[in-house]
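Participant: With chain A fixed as given, assemble chains B, C, D and E onto it according to the hints.
The lines below spell out each chain.
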Amino acid sequence: MVKTPKKRSSKAGKPAGSLIHIGEKKVDKIKIKLIDYNSDKYIEHDFENIEQCFEFKDDKTVSWINIDGIHETEILSKLGDCFGFHPLVLEDILNTEQRPKIEDFTDYIYIVLKMIDYDKKIEELSFEQISIIFGKNYLISFQEKPLEIYGSIRKTIKNDESKIRKNGSDYLAYLLMDSIIDNYFGVLENIGEGIENIENRLVTSPSSKTLKEIYNIKRDMLLLRKSVWPVREMISKLERGEILLIESNTRIYIRDIYDHIIQIIDTVETYRDMLSNMIDIYLSSMSNRLNEVMKILTIISTIFIPITFIASIYGMNFIYMPEFTSKWSYPVVWVIILTIIIAMVIYFKRKKWF
Amino acid sequence: MVKTPKKRSSKAGKPAGSLIHIGEKKVDKIKIKLIDYNSDKYIEHDFENIEQCFEFKDDKTVSWINIDGIHETEILSKLGDCFGFHPLVLEDILNTEQRPKIEDFTDYIYIVLKMIDYDKKIEELSFEQISIIFGKNYLISFQEKPLEIYGSIRKTIKNDESKIRKNGSDYLAYLLMDSIIDNYFGVLENIGEGIENIENRLVTSPSSKTLKEIYNIKRDMLLLRKSVWPVREMISKLERGEILLIESNTRIYIRDIYDHIIQIIDTVETYRDMLSNMIDIYLSSMSNRLNEVMKILTIISTIFIPITFIASIYGMNFIYMPEFTSKWSYPVVWVIILTIIIAMVIYFKRKKWF
Amino acid sequence: MVKTPKKRSSKAGKPAGSLIHIGEKKVDKIKIKLIDYNSDKYIEHDFENIEQCFEFKDDKTVSWINIDGIHETEILSKLGDCFGFHPLVLEDILNTEQRPKIEDFTDYIYIVLKMIDYDKKIEELSFEQISIIFGKNYLISFQEKPLEIYGSIRKTIKNDESKIRKNGSDYLAYLLMDSIIDNYFGVLENIGEGIENIENRLVTSPSSKTLKEIYNIKRDMLLLRKSVWPVREMISKLERGEILLIESNTRIYIRDIYDHIIQIIDTVETYRDMLSNMIDIYLSSMSNRLNEVMKILTIISTIFIPITFIASIYGMNFIYMPEFTSKWSYPVVWVIILTIIIAMVIYFKRKKWF
Amino acid sequence: MVKTPKKRSSKAGKPAGSLIHIGEKKVDKIKIKLIDYNSDKYIEHDFENIEQCFEFKDDKTVSWINIDGIHETEILSKLGDCFGFHPLVLEDILNTEQRPKIEDFTDYIYIVLKMIDYDKKIEELSFEQISIIFGKNYLISFQEKPLEIYGSIRKTIKNDESKIRKNGSDYLAYLLMDSIIDNYFGVLENIGEGIENIENRLVTSPSSKTLKEIYNIKRDMLLLRKSVWPVREMISKLERGEILLIESNTRIYIRDIYDHIIQIIDTVETYRDMLSNMIDIYLSSMSNRLNEVMKILTIISTIFIPITFIASIYGMNFIYMPEFTSKWSYPVVWVIILTIIIAMVIYFKRKKWF
Amino acid sequence: MVKTPKKRSSKAGKPAGSLIHIGEKKVDKIKIKLIDYNSDKYIEHDFENIEQCFEFKDDKTVSWINIDGIHETEILSKLGDCFGFHPLVLEDILNTEQRPKIEDFTDYIYIVLKMIDYDKKIEELSFEQISIIFGKNYLISFQEKPLEIYGSIRKTIKNDESKIRKNGSDYLAYLLMDSIIDNYFGVLENIGEGIENIENRLVTSPSSKTLKEIYNIKRDMLLLRKSVWPVREMISKLERGEILLIESNTRIYIRDIYDHIIQIIDTVETYRDMLSNMIDIYLSSMSNRLNEVMKILTIISTIFIPITFIASIYGMNFIYMPEFTSKWSYPVVWVIILTIIIAMVIYFKRKKWF
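Note that the protein sequences, when read in sequence, are chains A, B, C, D and E.
According to my numbering, the residues represented by the first sequence are 34 to 387, in order.
According to my numbering, the residues represented by the second sequence are 34 to 387, in order.
According to my numbering, the residues represented by the third sequence are 34 to 387, in order.
According to my numbering, the residues represented by the fourth sequence are 34 to 387, in order.
According to my numbering, the residues represented by the fifth sequence are 34 to 387, in order.
Same shape as in the complex, but just chain A (with noise of 0.2 angstroms):
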């Protein structure tokens, strides 16, 4: 299916700045998560209000509020003019159709990234979009369903001797793209077995189905594509340390992620290659085929219709035709038709047609 970016032009000619939410509602109730921590303290709440987390906001400890579900607009309003946000960027967090992106308001920095899920059954891929803002000493996460990778990372931070405790929101925040991106080689992978898996078929019995096939998988890596480049362009310039907000022993973090980027970006267009290669051997082995069939045709009428119209010949019923009578005219007329066929039999093997 075409995926246009529908709903976007439901807003058009309305002033920048209104806030709409554009695209699906995935959950029903919105839930709101808070977990406080430092190297020696470490608190988890389930609020019902957002504002419970504003008294949060100030205190040193990292806060991480992470928020499932966006379409309610005024939980987003709040939060942003509790943290002043610019009215851009919650505009943006209710926009799932956003390219991943980063933008560095110097208090705060915005960061759109895409979760990537891959059915394998119907062989398509579903796109969540992932909004973190951080500061100084908050994280606030926005997504469109709970993510189970998350969990994890929630252990791993109860854990009172990992790393993150003693670091701070930026290393929070590597910690969260470093997972969501690490989550694309899974479907790589997926993708990867599909692609094996038609291959092997493209060898043993191809038809117009793995054709198919092929040409969706190649739509699939497009729409991949398409959410992972400009995600490379975005940890590069994280990683330049041109932002100030990411302290130099997280950049060296961050380094790591513009590595699997680039590894996944490398295995995407290998495999539009070998995509490519694998609709060119379907095509050859259909023109092949093609070739086979005519080449069937060919041997069995350059056989029959001479001598067919040999036994036409006598089957004429002129009066005067001096072979009907002669004993050895059907015993003649055998001999040349063997001749015939014995003769055409010799060229096409020749030719190697058989």
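Since the hints were made in silico from the structure, they are not lab data.
Being a predicted model, the structure only gives us computed values, none of them experimental.
Hints should not be assumed to be uniformly reliable.
[Unchecked claim] Subject to a maximum C-alpha distance of 27 angstroms in a straight line, what follows is the list of computed BS3-like cross-link-like pairs (lysine-lysine):
{"#": "1", "chain 1": "D", "residue 1": "LYS385", "chain 2": "E", "residue 2": "LYS245"}
{"#": "2", "chain 1": "E", "residue 1": "LYS64", "chain 2": "B", "residue 2": "LYS242"}
{"#": "3", "chain 1": "B", "residue 1": "LYS245", "chain 2": "A", "residue 2": "LYS242"}
{"#": "4", "chain 1": "A", "residue 1": "LYS385", "chain 2": "D", "residue 2": "LYS245"}
{"#": "5", "chain 1": "D", "residue 1": "LYS385", "chain 2": "A", "residue 2": "LYS382"}
{"#": "6", "chain 1": "D", "residue 1": "LYS328", "chain 2": "E", "residue 2": "LYS242"}
{"#": "7", "chain 1": "B", "residue 1": "LYS251", "chain 2": "C", "residue 2": "LYS245"}
{"#": "8", "chain 1": "B", "residue 1": "LYS242", "chain 2": "C", "residue 2": "LYS270"}
{"#": "9", "chain 1": "B", "residue 1": "LYS328", "chain 2": "E", "residue 2": "LYS384"}
{"#": "10", "chain 1": "C", "residue 1": "LYS385", "chain 2": "A", "residue 2": "LYS245"}
{"#": "11", "chain 1": "B", "residue 1": "LYS328", "chain 2": "A", "residue 2": "LYS245"}
{"#": "12", "chain 1": "A", "residue 1": "LYS382", "chain 2": "D", "residue 2": "LYS242"}
{"#": "13", "chain 1": "A", "residue 1": "LYS245", "chain 2": "B", "residue 2": "LYS245"}
{"#": "14", "chain 1": "D", "residue 1": "LYS384", "chain 2": "A", "residue 2": "LYS384"}
{"#": "15", "chain 1": "D", "residue 1": "LYS328", "chain 2": "A", "residue 2": "LYS385"}
{"#": "16", "chain 1": "E", "residue 1": "LYS64", "chain 2": "E", "residue 2": "LYS134"}
{"#": "17", "chain 1": "E", "residue 1": "LYS385", "chain 2": "B", "residue 2": "LYS245"}
{"#": "18", "chain 1": "E", "residue 1": "LYS385", "chain 2": "C", "residue 2": "LYS245"}
{"#": "19", "chain 1": "C", "residue 1": "LYS270", "chain 2": "B", "residue 2": "LYS134"}
{"#": "20", "chain 1": "D", "residue 1": "LYS384", "chain 2": "A", "residue 2": "LYS328"}
{"#": "21", "chain 1": "C", "residue 1": "LYS245", "chain 2": "E", "residue 2": "LYS245"}
{"#": "22", "chain 1": "B", "residue 1": "LYS384", "chain 2": "A", "residue 2": "LYS328"}
{"#": "23", "chain 1": "C", "residue 1": "LYS245", "chain 2": "E", "residue 2": "LYS251"}
[What the hints assert, rightly or not] Just so you have them, the derived chain E footprint on chain D, three or more residues with Cβ under 8 angstroms:
{"#": "24", "region": "290-301"}
{"#": "25", "region": "318-327"}
{"#": "26", "region": "335-347"}
[Claimed, not checked] Computed Cβ-Cβ distance ranges for the label pairs, DEER-style:
{"#": "27", "chain 1": "C", "residue 1": "LYS242", "chain 2": "D", "residue 2": "ARG273", "range": "55 to 63 angstroms"}
{"#": "28", "chain 1": "C", "residue 1": "LYS242", "chain 2": "A", "residue 2": "PRO355", "range": "26 to 34 angstroms"}
{"#": "29", "chain 1": "A", "residue 1": "ILE352", "chain 2": "E", "residue 2": "LYS245", "range": "31 to 39 angstroms"}
{"#": "30", "chain 1": "E", "residue 1": "LYS270", "chain 2": "B", "residue 2": "ARG273", "range": "49 to 57 angstroms"}
{"#": "31", "chain 1": "B", "residue 1": "ARG273", "chain 2": "D", "residue 2": "ARG273", "range": "42 to 50 angstroms"}
{"#": "32", "chain 1": "E", "residue 1": "GLU226", "chain 2": "C", "residue 2": "LYS242", "range": "38 to 46 angstroms"}
{"#": "33", "chain 1": "A", "residue 1": "ILE352", "chain 2": "B", "residue 2": "THR358", "range": "17 to 25 angstroms"}
{"#": "34", "chain 1": "A", "residue 1": "SER269", "chain 2": "D", "residue 2": "SER159", "range": "27 to 35 angstroms"}
{"#": "35", "chain 1": "B", "residue 1": "ARG273", "chain 2": "C", "residue 2": "LYS169", "range": "14 to 22 angstroms"}
Cβ coordinates follow ideal geometry from the N, Cα and C atoms, glycine included.
Facilitator: Same frame as chain A, now just chains B, C, D and E:
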């Protein structure tokens, strides 16, 4: 239809600086509308003569002069004299074949954009050229015919509380550009629907008409691309902060437009890739069909040609043919014929031809 | 026809700096025309000897020396001695195989451009090389044969009120370049008409002749591109303000040329894409036709081969064939034949073959 | 076979910094070899425990610790503690899916390279990951299994007169990289022979097997390219002199490696182009054959179908057919038939069909 | 034939710096020629031993040592010792698989170029490696076998009035490079003629041989490109003025070479595009032919199969067939047959099949 910059050549050889309208005349009578506002005041006028606007030039309020229809060169030359525009700017406003661009004359900025409409029925794009000139406290916009989207902007300005009333002419310029570019999303949606449509038909009933439609959209994308790519470069110039007339808090809004235009370009490129895939699918389905057709022909020929030969043999009229007088000849011939048929059918079944 | 830089090789091995004319001789007699002007004065002379121009070299007025025909190396060497041009410049003027380029020798600037003509009838481009050298108060232009477009420039200069009379030699250089490049629009128009023409025929009656025409235009675009792309780089060098001989108020006009050349390149690239599309359409219409042809053959064969077989069966001459003596045999055979025909027709109708 | 970065995903979600071996285990027992040398001294040890190496860390001589097999994470973590390597470096050494890269940690430099082997029989490439860390007076190299090429380097070091003895660890690093990259030439040679082989067969006896081999090599080139391209960037970083651990007289040798890698990339690209050409040749030879086949079928059909028709005519059993009783009918029919055959043969001869 | 850097691998593993000749031995005996000149003096010597040249090293005149044949490593090592060349330079001179490059060692500059020859008969390119080293007042040139083009340079030097006598070794280096690169024009001319040739045949009588020739030239272009592209980068390095040994008035001549090499690259790229077009034309003419063949087959079959069926009907031997006894049957059948033929002919005429 191929669109060549037709009228252009009629100018060749003439000295640069002579004002000539290049393009279609899309309205009969030129309409001039002036809106004068600041945070306290809002005035709206419809004028007959351009001179009536000139008195608003030097007041402190923002004056938006909107001119629908550009074929009267006299109006332009008067405007140029009054505001001191460079002759080449006036020339460019009149020439509707311009590429989107931005030119910085320190005192004022000249912007060219394209308004794009998509006629779903004939699947064709149409382009209107929008010229925007803005200085310290005025903005002049030119278009070939009245634009609907300006209506909602006017409404926004009327609202005493709206942000625009607190900002200068650069924010107004941003709003105009934003609404023009937001409109591209709608065009892409319509084209996207067209692509989806064709894609469905491609699976169910591909025909040479489908292919022609694909090529039509492909060409639309070509034209769209030509109008959209330069916008990116232009907006990035605005965003980089080299242009002094753009105030720094407006620049963050420009960055938002930049994101939109990148998203639009992304979509255009994705559509192009999809269309290429669709052409490939079409062509391979064509060669598939040829294979099918050839298989049917080959099966029929290969079965019937040999047995017809056998029948012809016994259609010969030789007197001395021992088979003729035997009672068993006829049933034996049928047995042979049926054996051949069955053998052939098994052979083709094994080859998975049907 | 393939255009190789033929005469070039005759120079290989000779020392650089020796003046040799490379190219066709397009006029018999070299014509020298001098126009000397400033805001007050306008003088026009036709000279026989190049020496007559030299007295105008050091006056304050702008002297435009126009030379039609470049095959007489002597004239060039005299000019070179008098104005102090570098020997390589003289060599380049004589060699009509140059790419468009600009060279800055501080005292004077050397510009190479191509005048392009399109012969509609034989659908072929022809190129003339234009060399322009200009210094503080002189401009010398060389072309292989007289150019029409210079006439209108001369008229403009004659006009006492024209801008050019108030400007220096750099503005004259601009005017020459502008009129040469404006001329490209006309060439593109003609080619565009050709493309439109072919496109219409492609829909109504594609033939292998159509394909050949497409390839002809494609090649024209190749040559055009080769001449136009370097112009962009060259003009951008002029515009960037690195060249001191170009005054700052002329530079804004150069920017105008830059816009034109970008527009021309855009059109060239769009045409190339269109031509590729057209080739694709042609090829797919060819394979469509093959399909059509094969379908007709298959329908006819599939219907008649089986029924011919039936007829052949009863053409056999066995004595003991019970069907022969039955009164109903003949009509029954017809019923079978008609049944087969109808079944086949229904089958093919269902397959939507006709 | 498609190679996806398989094991990678098993790490997703785990905190960065935890040491996990990603890849195949290629040796049973890890081997540690230490070579300690300067211009006067040469010592070679085989150690069981990595701790035995640590005493050589701080002496002034160059210590080359070579470790074959990387699956024991404990060895690495001890090394990391002793030499103070960043945890991410240890992680990268264990992960055999790295791209070639260089990382500068001021005190030490971390280099990843790929050793490439080509198995001629199965026409498949295999890749070993080589990690090299070197600091002021030590170099540690890790590989998945023992490398032959290190033998000759050891011999060179043993030689008291060799250049390497007079240089530091950066020269040793150069030598290792040089021998790894030189090895690529051998791989290219083998692949080149394979290409040559296929090319010959392509001319004499193209078959669908040939095509598959071409695609196999094409895929090999894809993988090779992926391993070779990043090396270029990496070496150029070393050569540019940004890395202080590389001394200036070593840098000229790095430039030599750079030349080699460019030459290798050139060859890879040339091979890719050649393979594309070969596929084109194959496909056009296929369509050529189809043409041949169709011609034979057409010639036979076109000759025999009409004459068979004539024979059928006189096979009809109407009582009132005047031709039957004429003595000349039979020979006349033969004349007609022969005339048709001869006419057809001439026609096809003229069309140059045989 | 695929050209792999064959001998190269035999060096793998050996320490860098050991002198080994890589390539074919093209002359038996190495020839050494010394030319010593300044504005007053011209001396020419043929030497047996390289040592004889060494006395000219330190005089103020320019000494050009030309060495034909590079397989004797001893000569090189002596030269290297005397002039103090870096071992890697000596190694590179011996390895004829180098890419064109320039290396600046401050005291001297090392240049690698390729002399290209085109054998028209076998349509194959051959490459000779030229190495040029020049310092303050000497230039040493190495080639695999004697070059004709050096003869005319020697003549120029002999001439007391020639520019070269007034300039230093950098101008001599320029002259050598210029004559080598000028030679490429000749090669391109020959290839261009070949292309023109094939193009004509492509129109009149395309055959699979034509296609093979196109691919041969295409491969030649591939190799040519590989040798020419790096030259561009190399010359641009010389021109940019970073290299101090090139004096500023020589640099303008280098710019001239740069123009030539750009022109050559342009031509190479244009040829490549033309060859692609030609392949497309060939393939579409092939599919055109297939269409033609199929049309003939279809016309013949579609006309004769139905009428043969009618004849077969009346070839049946049923006793009760009313048509047999009617006097009009036979002519009626003919009428039916002719009607079918005429109808078919009209049908195909309308479809414009012939």
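Participant: So, for every hint listed, does it hold in this structure?
Facilitator: Evaluation of the provided hints:
1. Note on LYS385/D and LYS245/E: the hinted pairing holds, with a Cα-Cα distance of about 20 angstroms set against a maximum of 27 angstroms.
2. Restraint check for LYS64/E and LYS242/B: not satisfied, since their Cα atoms lie roughly 73 angstroms apart, outside the 27 angstroms limit.
3. Of the supplied pair hints, the one linking LYS245/B and LYS242/A holds, its CA atoms being roughly 24 angstroms apart against a limit of 27 angstroms.
4. Restraint check for LYS385/A and LYS245/D: satisfied, since their Cα atoms lie roughly 20 angstroms apart, inside the 27 angstroms limit.
5. Distance restraint check for LYS385/D and LYS382/A: the Cα-Cα separation of roughly 24 angstroms lies within the 27 angstroms cut-off, and the hinted pair is therefore satisfied.
6. Under the criterion of a C-alpha separation no larger than 27 angstroms, the hint pairing LYS328/D with LYS242/E is consistent with the structure, at around 18 angstroms.
7. For the hint linking LYS251/B to LYS245/C, the alpha-carbon distance of about 23 angstroms falls within 27 angstroms, and the restraint holds.
8. Between LYS242/B and LYS270/C the alpha-carbon distance is near 48 angstroms, which puts this suggested pair outside the 27 angstroms criterion.
9. The suggested pairing of LYS328/B with LYS384/E holds, with an alpha-carbon distance near 25 angstroms, which does not exceed 27 angstroms.
10. Restraint check for LYS385/C and LYS245/A: the C-alpha separation of about 22 angstroms stays at or below 27 angstroms, so the hint holds.
11. Proximity of LYS328/B to LYS245/A is assessed by CA-CA distance (about 21 angstroms); at most 27 angstroms being required, the pair is judged to hold.
12. Between LYS382/A and LYS242/D the alpha-carbon distance is near 20 angstroms, which keeps this suggested pair within the 27 angstroms criterion.
13. A threshold of 27 angstroms between alpha carbons decides the hint, and for LYS245/A with LYS245/B the separation of about 21 angstroms falls inside it, so the pair holds.
14. Distance hint between LYS384/D and LYS384/A is fulfilled; the C-alpha atoms sit about 22 angstroms from each other, no more than 27 angstroms.
15. Note on LYS328/D and LYS385/A: the hinted pairing holds, with a Cα-Cα distance of about 17 angstroms set against a maximum of 27 angstroms.
16. Note on LYS64/E and LYS134/E: the hinted pairing holds, with a Cα-Cα distance of about 25 angstroms set against a maximum of 27 angstroms.
17. With a C-alpha separation of about 22 angstroms, the suggested pairing of LYS385/E with LYS245/B holds against the 27 angstroms cut-off.
18. A C-alpha spacing of about 20 angstroms is found between LYS385/E and LYS245/C, which places the hinted pair at or below 27 angstroms, so the restraint holds.
19. Simply put, LYS270/C and LYS134/B have alpha-carbon atoms about 19 angstroms apart, close enough for the 27 angstroms limit, and the pair holds.
20. For the given pair, LYS384/D sits about 22 angstroms from LYS328/A by alpha-carbon distance, which is consistent with the 27 angstroms threshold.
21. A distance of roughly 21 angstroms separates the Cα atoms of LYS245/C and LYS245/E; the hinted pair therefore holds under the 27 angstroms criterion.
22. Using a Cα cut-off of 27 angstroms, the hinted pair LYS384/B and LYS328/A holds, with the two alpha carbons roughly 14 angstroms apart.
23. Between the alpha carbons of LYS245/C and LYS251/E the distance comes to roughly 21 angstroms, so the proposed pair stays at or under 27 angstroms and holds.
24. Given a C-beta distance limit of less than 8 angstroms, the hint that chain E covers the region 290-301 of chain D holds, as 5 residues qualify and 3 suffice.
25. Only when three residues or more bring their CB closer than 8 angstroms to a CB of chain E does the claim for the region 318-327 of chain D stand; here the count is 6, and the claim holds.
26. Beta-carbon proximity to chain E at under 8 angstroms applies to 7 residues in the region 335-347 of chain D; the threshold of 3 is reached and the given coverage holds.
27. Under the hint 55 to 63 angstroms, the C-beta atoms of LYS242/C and ARG273/D, about 57 angstroms apart, fit the expected range.
28. Separation of LYS242/C from PRO355/A is about 55 angstroms and departs from the stated range, judged on CB atoms against 26 to 34 angstroms.
29. The given range of 31 to 39 angstroms is broken by ILE352/A and LYS245/E, whose C-beta atoms sit roughly 59 angstroms from each other.
30. One distance hint, 49 to 57 angstroms for the beta-carbon pair LYS270/E and ARG273/B, is violated here, with the actual separation near 31 angstroms.
31. Taking 42 to 50 angstroms as the suggested C-beta distance range, the pair ARG273/B and ARG273/D does not conform, at roughly 28 angstroms.
32. Range check, GLU226/E to LYS242/C: about 27 angstroms between beta-carbon atoms, so the 38 to 46 angstroms window is missed.
33. For ILE352/A and THR358/B, the Cβ-Cβ distance of about 22 angstroms falls inside the hinted range of 17 to 25 angstroms, so the restraint holds.
34. The supplied range of 27 to 35 angstroms is met by SER269/A and SER159/D, whose beta-carbon atoms lie about 32 angstroms from each other.
35. Between ARG273/B and LYS169/C the beta carbon distance is about 37 angstroms. The supplied range of 14 to 22 angstroms is therefore violated.
The earlier numbered hints that this structure contradicts are 2, 8, 28, 29, 30, 31, 32, 35.
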